[in-house]
Amino acid sequence: MDEQALRGLLNDVKAGRLSRRAFVQTMVGLGLTAPLAGQMLASAGLAHAQSRSAFTPTKRGGGGMVKVLWWQAPTLLNPHFATGTKDQDGSRIFYEPLAGYDPEGNIVPVLAAEVPSVQNGMVSRDGTSVTWRLKKNVAWHDGKPFTADDIVFNWEFVMDPGTAATTQGQYRDIKTIDKVDAHTVKITFKQPMPFWAAAFCGPTGQIIPKHLFEAFKGGKSREAPANLKPIGTGPYKFVDFKPGDMVRAELNPNYHVANRPFFDQLELKGGGDAASAARAVIQTGEYDFAWNMQVADDILKRLEQGGRGKVDIAVAGNIEHIQFNQTDPWTEVDGERSSVKTKHPFLLDPAVRQAMNLLVDRASIHEQIYGRLGQSTANFLNAPERVRSKNMKWEFSIDKANQILDSAGWKRGGDGIRAKDGKKLKMVYQTSINPERQKTQQIVKQAAGRAGIDIELKSVTASVFFASDPANPDTYPHFYTDIQMYTTTMTQPDPQRFMDQFTSWEISSKDNKWQGRNITRWRSDEYDRTWKAAESEMDAVKRAAHFIKMNDLVIQNMVVVPVLWRMVVSAVSQRLKSTDVSGWDSNLWNLAYWHREA
Amino acid sequence: MSKYVLRRIVIAVPVMFGISLVLFTILALAPGDPFGELASNPNVPREIAQQLREKFGLDDPLPIRYARWLTAMVQGDWGFSFVSRIDVDTLILQRLPTSLFVLGSAQLLGLLIALPIGTYSALRPYSFFDQIATTLAFIGFSLPTFFTGLVFILIFSLWLDWLPFIYRADLSSTGWRWLWEQARQSIMPVAVLGLFQGATLTRFVRSAVLDVIRLDFVNTARAKGLSEGTTVTKHVIRNALIPVVTLVALQIPAIFTGAVITEQIFRVPGIGSLLISSILSNDTPVIMAITFVFSCLVVLFNLVADIVYGWLDPRISYR
Amino acid sequence: MSVAAAPARLLPDTRARPSLWREAARRFRRHRLAMVGTVILAGMVVAVLAGPLVYRVPIDEIDFRAKLQGPSRAHPLGTDDLGQDVLARMLYGGRISLAVGVAAMLISITIGTSIGAIAGQAGGAVDHTLMRITDLFLSLPQLPLLLLIVYLFRDSLKRVLGPEAGIFVMIVVVIAGLRWMPVARLVRAQFLSLREKEFVEAARSLGARSFRQVTLHILPNALGPVIVAGSLDVAAAIIAESSLSFLGLGFPPDIPTWGRILYDAKDNLDFAPHWAIFPGTAIFLTVLSINYIGDGLRDALDPRKVLGHK
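Chains as they are written, first to last, in the numbering used here: chain B, 633 to 1230; chain H, 33 to 351; chain C, 226 to 535.
It should be emphasised that the hints constitute simulated quantities derived from the structure, not laboratory data. There could be a bad hint or two in this list.
Across the chosen pairs, the derived CB separations fall in these ranges [as the list claims (entries may be wrong)]:
1. H:144 <-> C:254: 33 to 41 Å
2. H:95 <-> B:777: 18 to 26 Å
3. B:810 <-> H:95: 32 to 40 Å
Okay, the calculated bits of chain C under chain B, using three or more residues with CB under 8 Å as the criterion [said to hold, decoys possible]:
4. 282-290
5. 478-491
Here are some chain H residues pointing at chain C (derived, C-beta under 8 Å) [what the hints assert, rightly or not]:
6. 103
7. 171
8. 175
9. 274
10. 327
11. 331
Here a beta-carbon is modelled for each residue, glycine too, at the ideal position from N, C-alpha and C.
Please construct the entire structure, taking both the sequences and the accompanying hints into account.
So, in structure tokens, the structure goes:
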């Protein structure tokens, strides 16, 4: 779909011939994200009218205690040190960003007075600056007022290398922040930023108070007492924290939204595993909410029959996929395997990759293993099943795979394994330890066996597989096997960073200590060009067309095999309402509006 | 004997030195690193992980890191957790009471089960009582704790709905109510662990008592006209206790590090779950601190066991 | 042994003395439970060795329509959550479980008994050094050590011994290497107390050298805890292997060892208990039989009985 067609659709929405929802769905079917579609709509002047929940309380509090289960418990409560979503979620109880992302990916103001856009003049036409107006009458938990000084301070705090803040990536494109007045800031970027919301929005955008952290910048940041006793602007105040175990909070009587929050106390408990967390919410009702339900859907369905709780599915951009190694993992060159100086013996043959593509039984994997927790897809940059991209589709056929391999000259040997020119189709397939992944591996192995491909399964403990240790050969960036599988998470609604994993300068190798994000070591000049073009393209429609092209390049060249578009799954008690879990923000982004039905 | 004890205590110091060096080396060489999760996060630029490694001195050579750790430890600074960014001793002390309570009770329960049942079994070997006890003991320890824990949860929490299965270390009630809630949430983890240890200990007690009963001095005691009860308590048990003491001494340090699986299943925030999560996230200062305390306890309690042998059986001497 | 009430005679006993071992074997055979144990264990060994040749259902045939079904004609022990046949998987995985369990147990009690015996008998500096080494091993954190050993040795072992044998050796060494210490402490404690008992003193005063004292007199009596530890170790080794596999350090996750099947089955206990009951029972029977065999061995080797006392 090209730019012309996209503009045509936008006009349809304007004229009322096409609903916003259908537009978003169509975009998603092309491999774009919902938030990007939202941006396109906004740029055409069709900004979303926000409506929060229909529940209108008349007083603050009175709801008692709400208990939530995070089976990986937060270990620290400073959002700028967070190493994972668990820490971000723990912090989000107390801290807030300027704006969050709702389940459709729309920007929703929290500490900001309104959402900036080109229409209202707060985003400059050339994309080099954005102006935020802050809500007035917002106070920190200790009573001090929230002002523009806090915004400027957060940027300085994060950018100080001595702090080693993990949120640096969101702030480093900022050139300056000007304090226009006590409640207005103007952020100027180093170059045009189509995704100007990277800074100060979402879970990485949580704001910490200047007056408590000022004395602890840089190297002294670890000593700040507020690290352990957070003072934020959020709906709940700090009571107690045991790292890795529990967080307790109580209602903030001066919260800046009237008559909110509903609950008087909050308790977050950690530890254990996902399955028992599901039981605690859905089966016994001991807890009200549980995070990240990585449990077989069969089990979840059985638990739901009790009627005490249910499963909540939120769309995100995470894609579980199988990668083909473009280089040779079994030959060592200059002390490095899977080096770009080598070529893979048989995976570079398109027939082999095509056959493998046909041998992944996505339907069974989806229905039997993941159930509602994911959807089959043909796109790397996601798609729901009903709105399939016109170009890309997936298929499962062992017969076709056999045909393709036969006509490409891969003949079966005496042991049933295909070979050509002395090279056998024997592969090692690795992934992390995770019951669903192991089952997927077995399904793929069985189908491949029927097509004459021999697969040896390998699984690595997650803390090693996802490590960044340059000396460990089992990490996924090393990719010392023929194929591997894992999920690339899309932690922000904009695909720019997500798609950089196929650019040639990100190729993972010994030189950059395997910190590069291009794991398959695939190179394409056309892809590089398109990516760079998208980086500075301010027109949302043109930009979307670039991303569609990038997705198609990856899929047509069979660089990866998308297996499953994974959702964000939580368990929610029947009586808990307005959680609105969003796959683009923290699970607790809407915490202030949570309430319980009588 | 006191000379022996003195010698042991004096030598304990260099022994601890040696053990800590070996522990540190193993941890330093083991694969995995604390900032791995950052590498897979597309929004975290790769320099951050490097900056963090430098900040915490992770790339310095091994002897320097060991020396740094040792000097800090000697001064009472147990280190700083990479993952939680707080002092290690705070982390450990937060969890110590829970560990001591849950695991200590489990050990006690195990002993209370094992001593009477094991002894009685041995006095009537292969009787009906013995057969039942033996079978139950076997079931008890051939099933892993994750399994029995789950069975308990299924029965008592899910089907019968009698007991909560998530342990909360911060119950907000007071007085009798607190006691009642604490008891309700502790029964299952303590029982799972206690029964498992009781099962293994019962076998050892039975075997030890059987060994002693066949010895001649027992016949002498009986021939002297002593009642069965006195014979058993005064003569048999004392001698049979030696293997039991050995085992208990080996198990007491484990109270400190806890039972990882049981803690995981019931979400008991003990030191065991801290240890396993630190290992999985490669939070070396925490691992080092816990394992070091553990090894001190091992050395200490093995010494105590050796002393107790001398008291139980006066003929034992240490040349 | 029915002898009519014989008049008291002071003639020497002229019955031919049976050899020590044959006598022991005879006593063993008479121990009823030991025989039961032997039969069970032998049965399981035969089943896992010959079973897969007779029962040809594949272990990894995925059939979603047959998910989580209880025992039936097509699947005598039911199916798991991928529709794979539990009996076939148990027979296949049983080879590994039994081999790992027994091998690890034998190695750990051999090492433990030797070290404990030497320490207990020799005393002094030897005892001290050996016990401090034991303390060191007891202090080692198992998981980081395992990760390190696997990381260092997995590839070289695979090269030398082949992939399966390499992993097998590594697992057995790792499990046994971390379980010998309690046996050593127990055996040493037995030696310390037995060394001073009268019958050993008697042997000493008759001029028996240390080695003879140890093997003939002390060791057989010290075996009580060793036998208990042995049967415990088998169960522990089987479960430990599954924990290793769970962490990615042992056999690949699609190899259905008993501990692994148990672990995979745990979340479906309320719905498909058969999946867990069968491997659990298998482990239980293994442990039971080894223990009874051990009891029989101890009775059979008891020197007082063999040498004609009582």
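Each hint tested on the structure:
no.: 1; hint: H:144 <-> C:254: 33 to 41 Å; result: holds, 39 Å
no.: 2; hint: H:95 <-> B:777: 18 to 26 Å; result: violated, 52 Å
no.: 3; hint: B:810 <-> H:95: 32 to 40 Å; result: violated, 51 Å
no.: 4; hint: 282-290; result: holds (count 4)
no.: 5; hint: 478-491; result: holds (count 3)
no.: 6; hint: 103; result: violated, 21 Å
no.: 7; hint: 171; result: holds, 6 Å
no.: 8; hint: 175; result: holds, 6 Å
no.: 9; hint: 274; result: holds, 5 Å
no.: 10; hint: 327; result: holds, 3 Å
no.: 11; hint: 331; result: holds, 5 Å
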